[in-house]
Amino acid sequence: TRIKLLTFKNSLTFFAIISTGIKNLPNLFTTVVDDIQVDYYDSNGTRKQSSNLWKNISDSNHHSNFLILSVLAVLQCMSGCELDEKSAEVVTFQKCGYNGEDFMKLDFKNLTWIAQHTLAENFTLELNLDQQRLNNTKVFLSLTCPKVLNEFVIRSALQREDLTSVVLLQKTPSSLVNCFATGFYPNTARMFWMRDGMEIQNDKEPSEILPNHDNTYQMSVYLNVSSIASEDWKRYDCVFRLGNKTKLTRLKKEITEDGKLSSQIHWLVNIALYLAVKKDGVL
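Read in order, the letters of the sequence shown are residues 1 to 283 in UniProt numbering.
I should point out that these hints are in silico values taken from the structure, not numbers from a laboratory.
Everything numeric in this text was worked out from a predicted model, so none of it was measured.
Each hint should be verified, as a subset may be incorrect.
[Said to hold, decoys possible] Calculated lysine-lysine pairs in the BS3-like style (CA-CA distance at most 25 Å, straight line):
hint, residue 1, residue 2
1, Lys138, Lys9
2, Lys247, Lys9
3, Lys95, Lys109
4, Lys253, Lys234
5, Lys234, Lys171
6, Lys253, Lys204
7, Lys138, Lys95
8, Lys245, Lys234
9, Lys204, Lys252
10, Lys171, Lys147
11, Lys171, Lys138
12, Lys147, Lys9
13, Lys95, Lys9
14, Lys86, Lys109
15, Lys253, Lys171
16, Lys247, Lys171
[What the hints assert, rightly or not] Now the in silico label distances, taken between C-beta atoms and shown as ranges:
hint, residue 1, residue 2, range
17, Asp84, Lys252, 47 to 53 Å
18, Lys171, Arg241, 51 to 57 Å
19, Asn212, Lys252, 21 to 27 Å
20, Thr46, Glu89, 34 to 40 Å
21, Asn44, Thr118, 30 to 36 Å
22, Ser227, Glu89, 18 to 24 Å
23, Ser207, Arg133, 26 to 32 Å
Note that CB positions come from ideal geometry on N, CA and C, so glycine has one too.
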């Protein structure tokens with residue numbers, strides 16, 4: 001039996017792309033929680049926030065912590081924090097790139113900007129003399145960022161804890177059985193197959209955890225049933241585990257026979273279509 005250790009870490013990252021002298025390329029600012037974009041705006045006035053939850057929590061001035069260098073063709077910056085749910089350890093970061101190359105980064109421990117490009121040398125010297133800005137950056141990254149991240153993650157998890165669905169799919173009787181989970185949050189779930197209550201070795205690894213459009217996640221784990229006798233199917237369970245909650249889905253012939261989607265999937269699709277239409281303001 002293989003034991004997989006999960007890292008329960010969440011991240012909040014602010015990205016900025018500042019350009020000069022390039023037509024039709026506005027300055028862009030975006031906010032990402034884990035790997036899901038929750039906020040976006042640009043110098044053309046476009047603003048997109050993916051959820052009311054983020055609107056209620058976020059401060060529209062977060063991106064003011066970025067440095068604007070008007071002399072550069074393209075400046076790319078990222079700033080944020082990573083929070084370990086178990087240890088509560090906070091890892092902070094802030095760095096910038098120049099035309100696709102490393103430009104400078106903040107040594108948070110010593111609260112000092114480090115030049116990574118010759119053009120950044122004089123500029124980092126000036127930044128390191130601005131103690132007020134350095135202190136503001138320290139407060140933002142070490143206190144404000146993890147606080148906002150933690151609040152968003154907790155509220156999101158509470159809103160979504162009953163939305164997770166686990167279904168079994170099979171295209172043809174000879175195909176692998178796909179145990180498919182969707183609608184869960186955060187992205188720290190684990191899925192595996194059991195036989196007689198024991199985790200089994202599976203040649204096919206679980207799929208990558210992928211984001212949905214509603215700030216939840218999806219994943220799959222597969223089982224080869226070609227050599228399993230029909231009467232033994234009941235010995236197999238798909239296990240979905242998120243935090244201290246576990247869902248068991250028994251392998252049943254009637255769920256996947258004839259290669260048809262189960263009724264649960266039809267229900268999920270209908271709900272997803274309804275929400276998508278409603279979100280677009282058609283209803």
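Hints and how they fare:
| no. | hint | in the structure |
| --- | --- | --- |
| 1 | Lys138 with Lys9 | 21 Å, holds |
| 2 | Lys247 with Lys9 | 22 Å, holds |
| 3 | Lys95 with Lys109 | 14 Å, holds |
| 4 | Lys253 with Lys234 | 9 Å, holds |
| 5 | Lys234 with Lys171 | 20 Å, holds |
| 6 | Lys253 with Lys204 | 21 Å, holds |
| 7 | Lys138 with Lys95 | 14 Å, holds |
| 8 | Lys245 with Lys234 | 22 Å, holds |
| 9 | Lys204 with Lys252 | 20 Å, holds |
| 10 | Lys171 with Lys147 | 45 Å, violated |
| 11 | Lys171 with Lys138 | 53 Å, violated |
| 12 | Lys147 with Lys9 | 14 Å, holds |
| 13 | Lys95 with Lys9 | 20 Å, holds |
| 14 | Lys86 with Lys109 | 22 Å, holds |
| 15 | Lys253 with Lys171 | 13 Å, holds |
| 16 | Lys247 with Lys171 | 23 Å, holds |
| 17 | Asp84 with Lys252: 47 to 53 Å | 39 Å, violated |
| 18 | Lys171 with Arg241: 51 to 57 Å | 26 Å, violated |
| 19 | Asn212 with Lys252: 21 to 27 Å | 26 Å, holds |
| 20 | Thr46 with Glu89: 34 to 40 Å | 36 Å, holds |
| 21 | Asn44 with Thr118: 30 to 36 Å | 33 Å, holds |
| 22 | Ser227 with Glu89: 18 to 24 Å | 45 Å, violated |
| 23 | Ser207 with Arg133: 26 to 32 Å | 44 Å, violated |
Consistency with the previously given hints fails for numbers 10, 11, 17, 18, 22 and 23, ordered from lowest to highest.
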